[in-house]
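Please model the complete structure; the sequences and the hints are all you need to start from.
Per this note's numbering, the very first residue in the sequence shown carries number 62; after that it's consecutive.
Calculated directly from the structure, the hints in this document are not laboratory data.
Possibly wrong hints are sitting among the right ones.
Under the rule of at most 35 Å between Cα atoms (straight-line distance), these lysine-lysine pairs were calculated in the DSBU-like manner [stated by the list, open to error]:
#1 348 <-> 242
#2 100 <-> 360
#3 170 <-> 100
#4 242 <-> 377
#5 242 <-> 100
#6 384 <-> 348
#7 360 <-> 134
#8 384 <-> 242
#9 170 <-> 134
#10 360 <-> 485
#11 134 <-> 485
#12 485 <-> 170
#13 348 <-> 377
#14 377 <-> 100
#15 170 <-> 242
#16 384 <-> 100
#17 360 <-> 384
#18 360 <-> 242
#19 360 <-> 377
#20 485 <-> 384
#21 100 <-> 485
#22 360 <-> 348
#23 384 <-> 170
#24 170 <-> 377
#25 134 <-> 100
DEER-style ranges, computed between Cβ atoms [what the hints assert, rightly or not]:
#26 337 <-> 488: 38 to 44 Å
#27 416 <-> 109: 24 to 30 Å
#28 131 <-> 473: 20 to 26 Å
#29 281 <-> 416: 41 to 47 Å
#30 109 <-> 501: 24 to 30 Å
#31 349 <-> 274: 27 to 33 Å
#32 136 <-> 341: 44 to 50 Å
#33 432 <-> 364: 37 to 43 Å
#34 392 <-> 337: 16 to 22 Å
#35 473 <-> 284: 37 to 43 Å
#36 383 <-> 109: 39 to 45 Å
#37 133 <-> 393: 40 to 46 Å
#38 197 <-> 136: 19 to 25 Å
Using N, Cα and C, we set each Cβ at its ideal position, and we do this for glycine too.
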Amino acid sequence: MQQPTIDRRGFLQTTATLAAAVAATQAARAQSAGALTVKSVDRLAGGAAAYAYAVKAGPWLFLTGHEAYDFEKGLAPEVEGPAANRLSGRPPLRREADYILRRMRTILKELGSDLSNAVRLDQYYTSGAAVSAYHLARFAEFGAYIPPSTSIIMERCFSARANTHASMIAIVPSAGWMMEKVTLPGEPISASGYTPAVAVNDFVFVAGNQALQQNGRLAAGVEVPAVARWQGESSFRRQVHYVITQRLVPSLEAAGSSLEQSLKAQAYIRGVDNFPDFLDVWSQYFKTIPCAVTLVPAKDYSSSESSLEINLIALKNGATRRKQVVDVSIPPAATYGPCVRAGELVFPSGVMAVGRDGVVPSVENAAALDGLSLRGQAQGATVLSYADAVCTAVGASMRHVVRAQYFLTDIRDFAGVSAAWLDKNGRQPHPFAAVQVPGPLPPSGACLVSDFWIYAG
62 MQQPTIDRRG FLQTTATLAA AVAATQAARA QSAGALTVKS VDRLAGGAAA
112 YAYAVKAGPW LFLTGHEAYD FEKGLAPEVE GPAANRLSGR PPLRREADYI
162 LRRMRTILKE LGSDLSNAVR LDQYYTSGAA VSAYHLARFA EFGAYIPPST
212 SIIMERCFSA RANTHASMIA IVPSAGWMME KVTLPGEPIS ASGYTPAVAV
262 NDFVFVAGNQ ALQQNGRLAA GVEVPAVARW QGESSFRRQV HYVITQRLVP
312 SLEAAGSSLE QSLKAQAYIR GVDNFPDFLD VWSQYFKTIP CAVTLVPAKD
362 YSSSESSLEI NLIALKNGAT RRKQVVDVSI PPAATYGPCV RAGELVFPSG
412 VMAVGRDGVV PSVENAAALD GLSLRGQAQG ATVLSYADAV CTAVGASMRH
462 VVRAQYFLTD IRDFAGVSAA WLDKNGRQPH PFAAVQVPGP LPPSGACLVS
512 DFWIYAG
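The structure is reproduced here in C-alpha cells:
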C-alpha cells in the first residue's frame, strides 16, 4: 500500500500556529482572570470535579478546603495507617492534622510564602478530640506564631473519613506587605495559642471570638441563671452584645481600626432559631455601618455554654482603600447583608438559594428525583448565579472567585453543587471548601449557605 505523503513544513507551520493560538488563549485567560495563579487537580480523587486547592491573587494566597486525603488519588496510606491495625503508630487524628498542615506548608512555599505569613485560619472538626490532636500538630508546624483562628465543631467534614477541615488565607511578604501581630492589653494569649488579630497593609483580620472568659466560662453578666424564668435579654442575645463590644471592638482598636471599618463577618450560631435574635442585635451596631455577614449553623464550640462565634475582616483607620457597598440585585430573602468591596477584595454576604419569589427552587422535584442530586444542583445553580452577579457588578468574572465555601445540611448535596459549577464554568477548577452543618436552614427546603470570596484586582 502506498504510504501517504506528509508536507512536514506545512505540518510544522500548522503545529506552530496551533501552539501560538493555545498560548494566546492561555495568556488571554490569565489576563482576564487578573493573572491569578491556580494550583489544581483536574479530577478530584479520580472523580469528575476539577478542584482548585490554592489560588494566588496578587499578594494574597487562598488555600481552600483541605482534608487529610490525596487530592488526586483519594485516601492517603500515611493517614489511613496499616489496614490490619489503623491504631498502630502515631494516633490517627494526629496523622490527619500533620498531613493537612505539612501539605499547606509545601503549597505556601511553592507560592513564595510560608506558614509564618498566614493571616487567617478557619477550622472545622467533628469532635473535641480532633481539635486537641490538631492543636498539637499546629504548635509543631507553626511554632510561636499561630494566626487568627476560628474553630467550630460541625456535623461532618467533606470526606466521611476526615475529622478536620482547614482553610487558610496568607500573604506573599514584600515591601508594604509585612504582618503586624496584635495583642490585647492585659489579656494573655489563649490556651490554643492563636493571635487575636493581625494587620497587613490596609487590612485587619480578627480571630473568631466567643463570649468567654479566660477560664472558658461565659463572661460575667452574659449567663442567665438556670433558675431564672426570665431576666431581661436572653443569654444568646447577651453573647452577641458581648462579642461585639468586648471582643471585636477591643481587637479592632488594638490593630488601629474601628467597628466602622468592618468589611465582613462570619457568625457561627448554635441553632437557626437564634438567627433572628442575632440579626436584631447585630443591626443595633451595624445598621448604619455596611458590613457583609454570613450566618452559619454550628454544632458546638470550645465551651458547651457558648452559642456563638464571630470572626471579622476590617480596614485600618486611614487606609488608602475605601469601603464601598456594591449594588447587586440579590433577593433580600437570599442573604442577610450587603456586598462590600475594599480595593481588590470583594466580600459578598453569605447567600442561600432563595429566588425572587421568596421560594427555594425545585423543592418538590428535588425530593422526588433525589437520584439526580437535583436539590444540590438547583440550589447550587441559584447561588452561583448570585456569585456571578457580584462578579459582573465589580467588572470581574467567575474566574475571580478565589474561595467558595459551602455549608450544607447534607454533604451529599455537594455532588449537585459541583454539577452546577461544571455546567456554568466548564472545567474551570472549583476553589471550594465544604462541610456539613446542623439543619434545617430557615428557608423551607434550603440545603446550603454559600460564602464567596472574590478578587477583583
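Each hint tested on the structure:
| no. | hint | verdict |
| --- | --- | --- |
| 1 | 348 <-> 242 | holds, 30 Å |
| 2 | 100 <-> 360 | holds, 32 Å |
| 3 | 170 <-> 100 | holds, 13 Å |
| 4 | 242 <-> 377 | holds, 14 Å |
| 5 | 242 <-> 100 | holds, 29 Å |
| 6 | 384 <-> 348 | holds, 15 Å |
| 7 | 360 <-> 134 | holds, 31 Å |
| 8 | 384 <-> 242 | holds, 23 Å |
| 9 | 170 <-> 134 | holds, 22 Å |
| 10 | 360 <-> 485 | holds, 32 Å |
| 11 | 134 <-> 485 | holds, 26 Å |
| 12 | 485 <-> 170 | holds, 32 Å |
| 13 | 348 <-> 377 | holds, 20 Å |
| 14 | 377 <-> 100 | holds, 31 Å |
| 15 | 170 <-> 242 | holds, 21 Å |
| 16 | 384 <-> 100 | holds, 30 Å |
| 17 | 360 <-> 384 | holds, 33 Å |
| 18 | 360 <-> 242 | holds, 30 Å |
| 19 | 360 <-> 377 | holds, 33 Å |
| 20 | 485 <-> 384 | holds, 30 Å |
| 21 | 100 <-> 485 | holds, 20 Å |
| 22 | 360 <-> 348 | holds, 28 Å |
| 23 | 384 <-> 170 | holds, 32 Å |
| 24 | 170 <-> 377 | holds, 28 Å |
| 25 | 134 <-> 100 | holds, 16 Å |
| 26 | 337 <-> 488: 38 to 44 Å | holds, 41 Å |
| 27 | 416 <-> 109: 24 to 30 Å | holds, 27 Å |
| 28 | 131 <-> 473: 20 to 26 Å | holds, 21 Å |
| 29 | 281 <-> 416: 41 to 47 Å | holds, 45 Å |
| 30 | 109 <-> 501: 24 to 30 Å | holds, 29 Å |
| 31 | 349 <-> 274: 27 to 33 Å | holds, 31 Å |
| 32 | 136 <-> 341: 44 to 50 Å | holds, 46 Å |
| 33 | 432 <-> 364: 37 to 43 Å | holds, 42 Å |
| 34 | 392 <-> 337: 16 to 22 Å | holds, 18 Å |
| 35 | 473 <-> 284: 37 to 43 Å | holds, 38 Å |
| 36 | 383 <-> 109: 39 to 45 Å | holds, 42 Å |
| 37 | 133 <-> 393: 40 to 46 Å | holds, 42 Å |
| 38 | 197 <-> 136: 19 to 25 Å | holds, 23 Å |
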